[in-house]
Amino acid sequence: GQSLEQPSEVTAVEGAIVQINCTYQTSGFYGLSWYQQHDGGAPTFLSYNGLDGLEETGRFSSFLSRSDSYGYLLLQELQMKDSASYFCAVRIGGAGKSTFGDGTTLTVKP
Amino acid sequence: KAGVTQTPRYLIKTRGQQVTLSCSPISGHRSVSWYQQTPGQGLQFLFEYFSETQRNKGNFPGRFSGRQFSNSRSEMNVSTLELGDSALYLCASSRISTGAAEAFFGQGTRLTVV
Numbered sequence: 001g002q003s004l005e006q007p008s009e010v011t012a013v014e015g016a017i018v019q020i021n022c023t024y025q026t027s028g029f030y031g032l033s034w035y036q037q038h039d040g041g042a043p044t045f046l047s048y049n050g051l052d053g054l055e056e057t058g059r060f061s062s063f064l065s066r067s068d069s070y071g072y073l074l075l076q077e078l079q080m081k082d083s084a085s086y087f088c089a090v091r092i093g094g095a096g097k098s099t100f101g102d103g104t105t106l107t108v109k110p
Numbered sequence: 001k002a003g004v005t006q007t008p009r010y011l012i013k014t015r016g017q018q019v020t021l022s023c024s025p026i027s028g029h030r031s032v033s034w035y036q037q038t039p040g041q042g043l044q045f046l047f048e049y050f051s052e053t054q055r056n057k058g059n060f061p062g063r064f065s066g067r068q069f070s071n072s073r074s075e076m077n078v079s080t081l082e083l084g085d086s087a088l089y090l091c092a093s094s095r096i097s098t099g100a101a102e103a104f105f106g107q108g109t110r111l112t113v114v
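In the order they appear, the protein sequences are chains A and B. The first sequence finishes on residue 110 if you use the numbering used here, and the numbering steps up by one all the way, no holes. The second sequence finishes on residue 114 if you use the numbering used here, and the numbering steps up by one all the way, no holes.
Label pairs and their computed distance ranges (CB to CB):
hint	chain 1	residue 1	chain 2	residue 2	range
1	B	I96	A	S69	21 to 31 Å
2	B	Q44	A	L51	26 to 36 Å
3	A	D39	B	G16	27 to 37 Å
4	A	L74	B	Q17	39 to 49 Å
5	B	G16	A	Q76	50 to 60 Å
Calculated from the structure, these hints are not laboratory results. Glycine included, C-beta positions come from ideal geometry on N, C-alpha and C.
Here chain A stands alone, though its shape is the one from the complex:
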């Protein structure tokens, strides 16, 4: 089967850096995605790692290590608006099947 683990909650202060980890056990792994979801909103795509290494998009970066079955999302210069749930998701088998983690609730405090 497929399983993903990420912390359920993370708290940080405005301006700080936070890292949300995701470990996975899955067969047919193709890549790891990250999504942000505000309360009552739709998940929004943040990044995708198909290869090992770091992908940077503005204040957000994502990292993947296939050998360790591990990835993380790094958020820098935290802002209050970053308070949301963050989901990692694995793409399976090269096609359209995906499994999501249970999500990490990030709370940014002033």
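Following the hints, complete the assembly by docking chain B onto the known chain A.
Below, chain B alone, put in the same frame as chain A:
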């Protein structure tokens, strides 16, 4: 360009009834995936359609079905509703069949079964 549109946004149904949810993907996107989101179970993959064909299916009972039309719009149907089907149903579109690699989600349909 317009985003993913799901209708209706809210729905209340009675146990035993059936329901049909609609999803219009972003123009040019041929893949539509459906997910069920509940507080206890997170985002669960239901199925994915690409060019009118179901390409992948999650672990849901046969009461959950879907289809995709030639214009890429998709519908999801749930028959014989159960209380446990109460959830936010999200659809996501992408240009090709890459699942959550880079998908754009609609606002969802919140279904309440009473």
